[in-house]
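A.B. asks: Sequence:
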Amino acid sequence: MMSLWRLVLLVGVFVLPAWGRIISPVVPNQYIVMLKPDASPAVIDRHMRWVNRVHRNHVHGLETNTTGVIKRYSINKFKAYSGSFDSVITAAKIGRNLWVATVEPDKKCALGTGQYIPQKAQRAEYIFADAGMGNGTFAYSIDTGMNANHVEFEGRAQLGYNALADLNIPFVDNMGHGTHTAGTIGSRTYGVAKQATLISVKVFDNFTSVSPLSTPFAPPESC
1 MMSLWRLVLL VGVFVLPAWG RIISPVVPNQ YIVMLKPDAS PAVIDRHMRW VNRVHRNHVH
61 GLETNTTGVI KRYSINKFKA YSGSFDSVIT AAKIGRNLWV ATVEPDKKCA LGTGQYIPQK
121 AQRAEYIFAD AGMGNGTFAY SIDTGMNANH VEFEGRAQLG YNALADLNIP FVDNMGHGTH
181 TAGTIGSRTY GVAKQATLIS VKVFDNFTSV SPLSTPFAPP ESC
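Sequential numbering of the sequence shown, starting at 1, is according to the UniProt record's numbering.
The set of hints was computed from the structure by calculation and includes no laboratory data.
Glycine is no exception: its CB is placed at the ideal position from the N, C-alpha and C atoms.
One should not assume that every hint holds.
Calculated lysine-lysine pairs in the DSSO-like style (CA-CA distance at most 30 Å, straight line) [to be verified]:
#1 LYS77 / LYS93
#2 LYS108 / LYS77
#3 LYS93 / LYS108
Ranges between beta-carbon positions, derived for each pair [what the hints assert, rightly or not]:
#4 GLY132 / VAL88: 50 to 60 Å
#5 PRO37 / ASN149: 39 to 49 Å
#6 ASP130 / TRP50: 53 to 63 Å
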């Protein structure tokens, strides 16, 4: 079974402009649990009830701010959830469950703002995009948000999903990084797909540009 970190490396091909690096501090008492791909919805529902029951039994009579299961993720065959558990003992017990593939600690990711151009790409000839390129297509910008009203987007940008809404973080791009990268994709002057519809998925906050690894896996059901 592929570990979460290998999966992130593969997904990173698509989200590299926003994700920079995994910085070592783990999120205290927080884990990401990957389930086996053949787990049915009914099996997953039963598993969730079992996990929360295990968590309640471990924290009974203790003062703790752990909450059990936080969010569930289902992206094709990728089935997982994040959870806040009282100890590694609880995490280890969950890891021994029949339907669990891996249990790994949640870690913090920092926004990557450095420029990276592969060596081969530096020697490549660039063909300037036609003004109509991207018409009828959709581009999801997974970043700090987006100024959807920017004149360069010509009304083609929209706010799709804010993965930080539960933390009362507004769906705005105070940092500007998400608006910048969206402009590279589809602005009228500089975009490579000048007619694409741009949809913002906010996974980084407006000030620290640091987010738990579990946040970008939040399902953008509203997009």
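A.B. asks: Against this structure, judge whether each hint is valid.
C.D. replies: Hints versus structure:
1. LYS77 / LYS93: At roughly 23 Å apart (the allowed maximum being 30 Å), LYS93 and LYS77 satisfy the hint.
2. LYS108 / LYS77: Satisfied, since the Cα-Cα distance of roughly 24 Å is no more than 30 Å.
3. LYS93 / LYS108: Holds. LYS93 to LYS108 sits at ~24 Å (cutoff 30 Å).
4. GLY132 / VAL88: 50 to 60 Å: 55 Å, holds
5. PRO37 / ASN149: 39 to 49 Å: 41 Å, holds
6. ASP130 / TRP50: 53 to 63 Å: Taking Cβ atoms as reference, ASP130 and TRP50 lie about 55 Å apart, which means the hint holds.
In summary, this structure violates none of the numbered hints.
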